[in-house]
Amino acid sequence: MDKHDFVIRFAGEGGQGLVTSADALARAAAHAGYFVQTHSTFPSQIMGGPASSQVRISTTPVLSSGDGVDVLVALNQYAYDHHHEDILPGGVTVYNAEEYELPEGGSYFGIKADELAKSTGNARAANMVTIGAVAQLIDFKLEEIDAFITQRFTRGRDGDAEIIEANIKAVRLGVEVAASSGFKVGQLESANAPDYKQIVITGNAALSMGAVAAGLDFYAGYPISPATTVLVWMENNLWGEGRFVHQVASEIEAINALIGAGFAGKKAMTATAGPGFSLMSEGLGLAWMAEIPLVVTNVQRGGPATGLPTKSEQSDLFSCMHPAHGDIKMPVLAPGTIEECFFAGALATNWAERYQGPVILVTEFGLAERGENIRRPDLSKVSTESRATVSEGDTGKRYDSWDGSTPLGGMPIPGGAGAYVANGSEHDEIGDTTHLPRHHVRLMERRFKKLDLLNGAHYEIENADADVIIMPWGSSKGPAREAYDRLREQGENVGWLYSVALNPLPEEVKDVLKSGKKIIVPELNYLGQWSALLRMEGYNAESVVQYTGLPFRPADLVTRISERIGAGVTA
Amino acid sequence: MSKRNPEYDFAWCPGCGDFGVRRALQVALEGYSVEHEEPQANNVVVAGIGCSGNMVHLVEGDQPFGIHGIHGRSLPIAFGVKQGNPKLNTVVVAGDGDFLSIGGEHLGPAANRNTNITAVVMDNGVYGLTKGQSSPTSEFGAVTTSTPLGKIETPVSPLKLYMSIGVTYIASYYSSKPRVLAKMIQEAMNHQGFSIVHVQSPCTTYNDTYDILKGKPKEGIKGLAFEIPEDHDPSSVEDANDLLSRPGVPLGVIFKKEGKTLQDRYEGLMARAPKRTNDELLDSYLLQ
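The listed protein sequences correspond, in order, to chains A and B.
When we follow my numbering, the leftmost residue of the first sequence carries the number 3, and every step to the right adds one.
When we follow my numbering, the leftmost residue of the second sequence carries the number 472, and every step to the right adds one.
For reference, chain B alone in the conformation it holds in the complex (with noise of 0.2 angstroms):
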């Protein structure tokens, strides 16, 4: 249940990763919405399903519009709503699954017209909802209840993935910093283009991995999660490329590049677009 719903049918796990995310795009959504003073109703989050697609009936505070769509179409719809409205703060929430598997094919497209939208992806590495099964990022060799002998599939490596295709903006960071992931969150929606902010949050019933990410300092093992060095410029492809070739999960903007939007590619065809009344469109029919 949520605050304002009480019938609300569902809710996360105890120590879910998706509260930490939740929490951030509260603080960055409002503090969106106050950095350009426009009210919240200006905020957009389209969700798919998995328990990330709940994200968007469990932001408090002030609501913003919401869409919870279908399992994996979540990048077409806030095309769709971008598009229709390009002053709407048009902002997706999905899980791995969603993002990376079943709604993969929208990536490529989403990219390469580097539509003005922010993504927040929440990877736990596995079908949390359904109960357990192997997702994108699971590693190779789980064993999950759809891979009951170990998982067979290489896992996808989803930063690498969005600098291949172009994505302008790529963030990566975890769920247990919710104020420095708000943060990141922000910057990207500020961005230019298309932006993703890559989040692992684990799942504590079927996949937990806060120890495997931050370590367990007191006992001296090392966690996967780093800080991305601070020479690390993220205007250059190479440093990108030289980071996400690391081992580990690194912490912060790995990739920025600003550039045209297509509403700014759209705008610019205007100019040349033929300028004609219905009626002038009807008579160039006319029979003569």
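Okay, chain A solo, but in the shape it has when bound (with noise of 0.2 angstroms):
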């Protein structure tokens, strides 16, 4: 049977290569031309533990990690034991027969990696046995295999072509077997390669090179899963003149630093997850009042507290719209796919210029360590804003009130004119403290008028007509999109409605939500966080949640999103 989608799945414990496998099965597949997404779970532990990693490989571009699965690779007992019920029908396991037996008679057939890699003379090429055998499965050409291999191990020194030609033999071996089982899950379809140059980026990394991009030149940050890798990211690329990157000693003087070099002049950034972004709550209150330009990226994680350091969930909205005391409303981009992280890490720091204050980029676990081929985009069409600056004679005071009708004031940089206090308590035009009613009035005023400048961020609106409108945000995009397009292949009159911008939304994306229609939104937190900010602003919206830490599956939001319309359509 033909197939444009399968997903493989392999299971163990952390260490035993469940990754490399994934990873190069999906770099095998992106370069025969395939869409491709990966997709971990790991305890939060540096070694062993149950762990898994998957790839979806597809003819058209992959929107979730799927369904379920079609292959499992399962390394030891425990992992089939909690995977198998993710068996799709028709799926098949194939088990490590050097650590356990499973009785006779299932979908499923034991192979001896270690074993069969040793009889090549390469030992470590036991991740290509298995490959071999999930290649057969699905009918994937062992060519595509073989060039991958090659090109991965030709680096130029002696021993190249023995490993390649061990890593080749690896790979037949787990053929012979995966054919001698009987067992075949479909046949994939021949893939339609892009005709566009493409890159196989993490959504962290994508986010670190669109910010880069848009002139990003300060980085303090503090280790934290699962952001730690936009600060190992920047620690090995934000290097040049004029630039600065520094592990601190805590969240809190990571976002004080930013503030500093903010104010310095400085397109600053960090990035943290629900426990260092509570941490930098006064902070981003003082940034917002004093308005210095500068970015923090929330990697989000299961909360409160540590919570599930190494899971997905969406449950820090409330958090990032309001982070700290006082009348606050954070402008907040939430990119939902590898590339709008690359151009939300981008419009992120021009919009920190924009309007002189700071800005929130909001991504979880499940975008910013899963890996996916996407086109490369072209940098020249990135834009880069900077914010606007006063020079000697400007009559403009860092603080004068602004109803939006002129272009909003320079801002002063520290070594030029318009010497000001960059103040957290209520100030005049210059920055002095006073709390007279007059000044917090203008002031405040000032504070939410300035969000009006934000524009320019992705959304997407189709069948606004419809009688019910899908509205997912992040990361809940992809699976809610594949339901969509489920629903509306059985005939269901659903619309749908997306916006990277969560605050400030969009005017047309407000225009739909203002027709009153009934707004469902698929998000993974308990409280529906998103449905009750959109109530909050009269909207008639309504959470379909899932609070298990990991992602929703496509055929799940179907169900529940036709019960919730009185649809009666099952997945």
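Among the clues, some could well be false.
Stated by the list, open to error - Distance condition first, Cα-Cα at most 20 angstroms in a straight line; then the derived EDC-like pairs of lysine to aspartate or glutamate:
| hint | chain 1 | residue 1 | chain 2 | residue 2 |
| --- | --- | --- | --- | --- |
| 1 | B | K746 | A | E243 |
| 2 | A | K399 | B | D533 |
| 3 | A | K199 | B | E751 |
| 4 | A | K143 | A | E167 |
| 5 | A | K399 | B | E531 |
| 6 | B | K746 | A | E237 |
| 7 | A | K383 | B | D754 |
Because the hints were derived from the structure by calculation, they are not lab data.
If you're wondering where the values come from, they're calculated on a predicted model, not measured in any experiment.
Using the hints, put the two standalone chains together into the complex.
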């Protein structure tokens, strides 16, 4: 049976090369012109513990991690026990016969990958044995894997040819085992390789790259899952004249260092997760009050407290919008795909400059570490905005009244004209403390009015005249989109609304919301945070929530949305 | 109110030590600008919260840039300013509560980095703005509004603390002689590395220590403050520790050690740092 889409999951223990296997298969498939998306779950420990890594391979762009698994590679009994329920009808398990046996008669077969790898003379090729078995099961062209192996191990060293030969042989041994098992999961359709240049990148690397493309030149951060890879990326790449990157002593230091740097004229960013974001609250309040451009990326994990450091949840939206005490509503960008991570990284940097204040870029574990092949962004098309500044003789003051009818006044930069005090206490035009009512009113209105400057983020509106509109946010976009497509295919009259900018919302998106149609928000939290915020604005929104620490499965969303609208459609 | 801003909402109490520190800071900022032929705009004063924090608004004359931030975070803010633009002369003004209690966690990292910033600490041994609570430097047994039966924590010894964490310039003085203090602050600004000028700045309302510091010479009562002996060698760790083992408040430069600043070390890495254009960086992710 021809299939355009397969999910292959490697499950076992951390340190068994699960991610390496999924990654190798993903790269081989991407190399062959398929679209891929990986997804991993692992415990919060350095080595060991139950873990899994999967790749979804498709002839069309991959929107989500899928409904289940077509091929499960289970490296130990625990992995089989905990993952076999996810196997889709017609799916097959390849189990590690060196570790355990399964009773006869099931849709599975054993493989001795280590032993077979040793027979090739390269004990490290065990994952290629497994990949060979998988390739046979889904009819993945072997020459594509061979080409990938050849490219990967051609490193200009003496032993290259031997390693390549052993790995190719390992693949063939895996193929033989799978062929003799008699199982077949389907036949992967031929790839329609896109005609554009592609990159394979994770969400964290993409947003970092985007921010740097928009001119980011200062980064201070503190390690925290799942945001650490942004710090590591910056420490490796944000070098050069006029740039500064440093690991500081805490998230409190990070946000305050950004305030200092933003004040001094830099385009500054940090990335953190829930616990660190909580520590940044007071600093974010200061940045809002004193109007300091900076970007805080919150790569959400499960919360509260330590919560679930290596799982996916969308439960920090309330805190992103309203991170600190007092009247604050932060600009929030929430990309839903890897490609959107790149552009949101750039836009967040530009927004901070444009409105002279802090911007929150919120992503998720599910986006942070998953790999995907996307169109290589054209850097010449990334706009780079820099804040307005002041020069000698300008009569405007730093904190003048502003009603939006003129361009926002410039921000004086130390070393230049217009010395002022960036003040977290309510202040007058030059930043000196004053708590007189007229100043508080004037500046409160200035701070909120500035949000009107923030536009240009990606949004999608389809079938807005439908009775019910599905409006996911962040990485729930992918599974929600698959669910939406299936509901439409089944004749349901549902609409689609999606916005990377959650605050401020684009006018076009607001127009749809204002129509009063029922908005259904699939989101990964208990409280239904986005729909609650939409209701606060008077919109007719309700959530479909999931709080398992795992992403949505499109099939579950089809069922649950269908129930909600009384359609009686099942996945 | 301040001279330039009649609506300014804050004033120090008559006789507050912070007036003297303000005068000294003003003179030091102007002196530094003249010495280095730089505009006042190259000076940035970063303040925390408390009576001391208002210093940033009350400096008179030609204005430096300033940040009046949040309680305890003036050091990391100043770190960001300095590393954002290493040319800026970056000065922290803070009280003992701001610097040593809520902000204490930032001292160690600032010393480890040897960030090239100067901190002027106004120590009055009390939380004044919130009306007289116990502070990290309040004496053991001190009766304050938050310790009505007496303080039961031992006080911090700020100078010993700075010494132990490796601050590379440590001076101690009081607010009564602004001109001398100004010279010390300017020297601290010129020091390459993390410098602290710790100033006894009495609170005339809640903890008036003028007499305790200076004594009453006419009545033959000696004060806690004493001039540092001329043979003291500030480059010697041993001398500094000896000095700090004496009771009282030393007046002068206790320790001074030249070394590499964070910026020096950072620039040292630049030669080894990867140099890739954004396009080259993006191309490293190309699907091949």
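Right, here's what the structure says about each hint:
A hinted pair counts as satisfied when its Cα atoms are at most 20 angstroms apart, and K746 of chain B with E243 of chain A qualifies at roughly 10 angstroms. This hinted pair checks out: K399 of chain A and D533 of chain B have alpha carbons roughly 16 angstroms apart, not beyond 20 angstroms. In summary, the hint linking K199 of chain A to E751 of chain B is supported, as the alpha carbons are separated by about 14 angstroms, within the 20 angstroms threshold. Restraint check for K143 of chain A and E167 of chain A: satisfied, since their Cα atoms lie roughly 17 angstroms apart, inside the 20 angstroms limit.
For a cut-off of 20 angstroms, the pair hint linking K399 of chain A to E531 of chain B stands: about 18 angstroms separates their Cα positions. Restraint check for K746 of chain B and E237 of chain A: satisfied, since their Cα atoms lie roughly 13 angstroms apart, inside the 20 angstroms limit. Straight-line distance between C-alpha atoms of K383 of chain A and D754 of chain B comes to about 16 angstroms, which keeps the hinted pair within the 20 angstroms bound.
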